[in-house]
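Student: One letter stands for each residue in the lines below.
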Amino acid sequence: MELADKAVGFLLTTISLSIFSYYTFWVLILPFVDSDHFIHMYFLSREYAIIIPLFAGITLLCFLSMFIGYVMLKSKKKSA
Amino acid sequence: MKHIVKILGLLVTISAIWIGLLQASIVSSSYAWLLPVYLIILLGCYGLFMVGVGLMFFPTCPQESHLLQKDIAEAKDFLKRKGIDVNSD
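Note that the protein sequences, when read in sequence, are chains A and B.
Note that the first sequence covers residues 749 to 828 in the working numbering.
Note that the second sequence covers residues -7 to 81 in the working numbering.
Where hints are given, some of them may not hold.
[Stated by the list, open to error] With beta-carbon atoms standing in for the labels, derived distance ranges:
hint	chain 1	residue 1	chain 2	residue 2	range
1	B	ILE6	A	PHE811	45 to 53 Å
2	A	GLU795	B	GLU56	25 to 33 Å
3	B	TRP25	A	LEU809	19 to 27 Å
4	B	HIS58	A	GLY817	22 to 30 Å
5	B	ILE(-1)	A	LYS826	31 to 39 Å
6	A	THR807	B	HIS58	13 to 21 Å
7	B	ILE6	A	PHE803	20 to 28 Å
8	B	LEU35	A	LEU759	18 to 26 Å
9	B	ILE32	A	PHE780	30 to 38 Å
10	B	ALA8	A	GLY817	37 to 45 Å
In short, the hints are calculated from the structure, not lab data.
Glycine is no exception: its CB is placed at the ideal position from the N, C-alpha and C atoms.
Construct the entire structure; sequences and hints are all you get.
Tutor: Quick look at the structure:
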């Protein structure tokens, strides 16, 4: 049981570190690199740096509200 | 109350720095506009990281768990003898 917890914790840590490094590189460092450097091939164009987090945030909000609504409906049905 | 004041103060400082950066044009304008988004994502990343680290290094106490189970069994036995039904559902 603890091993599953440790595995999930490790997965979360790696996900957060990778997102942090990729996004830092994308937003903070890439503007100062010459535009014909090879590293630009590995990163999308910079408009996506705003669209993707915005989309993810909106998806998260939708999912949260759907979950809350579902739980509220289920509890109301049980008590009625 | 003091906690809210602290958080608001932090927010005001950060926005002042950001507006100063926009006005002084040390870095290009499009660059400064991306900074608040970056800070929010940084905050989310930090939260996720703390959760992951806490999960990884959470101490489980097997001896205490064993003692606790023994205590639970003893309490259930005692109450059953007194006539109270404590079957967990």
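Student: If you test the structure against every hint from before, which numbers come out violated?
Tutor: 1, 2, 4, 6, 9
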